[in-house]
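Visitor: As you go down the protein sequences, you meet chains A and B in turn. Residue numbering for the first sequence follows our numbering, starting at 257 and increasing by one per position. Residue numbering for the second sequence follows our numbering, starting at 1327 and increasing by one per position.
One or more hints might be untrue.
Cut-off 20 Å, straight-line C-alpha distance, at most; resulting in silico cross-link-like pairs (SDA-like, lysine to any residue) [claimed, not checked]: (1) A:Lys273 x B:Tyr1380; (2) A:Lys267 x A:Pro311; (3) B:Lys1436 x A:Gly298; (4) A:Lys359 x B:Lys1440; (5) B:Lys1329 x A:Phe301; (6) A:Lys359 x B:Gly1423; (7) B:Lys1329 x B:Tyr1380; (8) B:Lys1440 x B:Pro1366; (9) A:Lys313 x B:Ile1372; (10) A:Lys359 x A:Ser283; (11) B:Lys1433 x A:Ser283; (12) A:Lys267 x B:Glu1370; (13) A:Lys359 x B:Asn1402; (14) B:Lys1329 x A:Gln297; (15) B:Lys1329 x B:Ser1357; (16) A:Lys359 x B:Gln1328.
By construction, these hints were calculated from the structure, which means they are not laboratory data.
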Amino acid sequence: GAGVSQSPSNKVTEKGKDVELRCDPISGHTALYWYRQSLGQGLEFLIYFQGNSAPDKSGLPSDRFSAERTGGSVSTLTIQRTQQEDSAVYLCASSTMVGVNEKLFFGSGTQLSVL
Amino acid sequence: AQKITQTQPGMFVQEKEAVTLDCTYDTSDPSYGLFWYKQPSSGEMIFLIYQGSYDQQNATEGRYSLNFQKARKSANLVISASQLGDSAMYFCAMIPGGSQGNLIFGKGTKLSVKP
């Protein structure tokens, strides 16, 4: 596709339910990132995939959060047993490779609201 | 610690005037990349400009320029001839050389352009 695509754009769920957020990166981009942006805050790194390497999960806030990337393309971020503090915008980004000069291209995000 | 600091939560500028958004960074890596992103109310993060730590010249992209002062560890964004469409959140970010390409973000500055 032309850009990074995320779905759904909005998700409202009840506390305790599981949610899945999807990210379709730019074709050919080997690196994929998930970030979280709470209201009025900067972006918080969650997890990163690079090619076939093991993902960097160092930013995941708890074991309720997990992500996978199938076939080196589409990624799914799963939040189990959602809590109200999980409410945020979840942004996905991709880049052609890893490096200090690599520009990240972001999707429009998924607004998650946990009631 | 690797960190980005943006000290201006909000800024106002008159249309057609120039504005400077401040950013300081902290890293012990000699190699790093500095980025500015714009986030309009739609939520998407839009890449504006990049500066590498070894670049001798300040980066410019159209109306955007980056005032890079390495010794002071500052990377201020200058927007010339402000337009109403420039009203948005602006984030300074860094990829440290020792990282795997993960962007570290500041908390952002909300710019409002007045007609």
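Visitor: Do the alpha carbons of Lys1329 (chain B) and Gln297 (chain A) lie within 20 Å of each other, as the hint requires?
Guide: 15 Å, holds
Visitor: Checking one constraint from the list: CA of Lys359 (chain A) to CA of Ser283 (chain A), max 20 Å. Satisfied?
Guide: Measuring from Cα to Cα gives roughly 15 Å; hence the hint holds.
Visitor: Take a quick look at whether Lys1440 (chain B) and Pro1366 (chain B) sit within 20 Å of each other, Cα to Cα.
Guide: 16 Å, holds
Visitor: Does Gly298 (chain A) lie within 20 Å of Lys1436 (chain B) when you go C-alpha to C-alpha?
Guide: Since the Cα atoms of Lys1436 (chain B) and Gly298 (chain A) sit roughly 11 Å apart, the hinted pair holds (cutoff 20 Å).
Visitor: Going straight from one Cα to the other, do Lys359 (chain A) and Gln1328 (chain B) come out at no more than 20 Å?
Guide: 19 Å, holds
Visitor: Is the Cα-Cα distance between Lys1329 (chain B) and Tyr1380 (chain B) 20 Å or less?
Guide: Holds, at roughly 19 Å.
Visitor: Verify the proposed pairing of Lys267 (chain A) with Glu1370 (chain B), using a straight-line Cα cut of 20 Å.
Guide: The hint holds at about 17 Å.
Visitor: Against the 20 Å threshold, does the CA-CA distance of Lys359 (chain A) and Asn1402 (chain B) hold or violate the hint?
Guide: Roughly 18 Å separates the two Cα atoms, so the pair holds.
Visitor: Against the 20 Å threshold, does the CA-CA distance of Lys1329 (chain B) and Phe301 (chain A) hold or violate the hint?
Guide: Within the cut-off at roughly 13 Å; holds.
Visitor: Mind checking the alpha carbons of Lys1433 (chain B) and Ser283 (chain A) for me, to see if they're no more than 20 Å apart?
Guide: 30 Å, violated
Visitor: Sort out whether Pro311 (chain A) lies within 20 Å of Lys267 (chain A), counting only the CA atoms.
Guide: Distance ~25 Å between Lys267 (chain A) and Pro311 (chain A) Cα, so the pair is violated.
Visitor: Against the 20 Å threshold, does the CA-CA distance of Lys313 (chain A) and Ile1372 (chain B) hold or violate the hint?
Guide: 25 Å, violated
Violation of the numbered hints given earlier is confined to hints 1, 2, 4, 9, 11; the remaining hints are satisfied by the structure.
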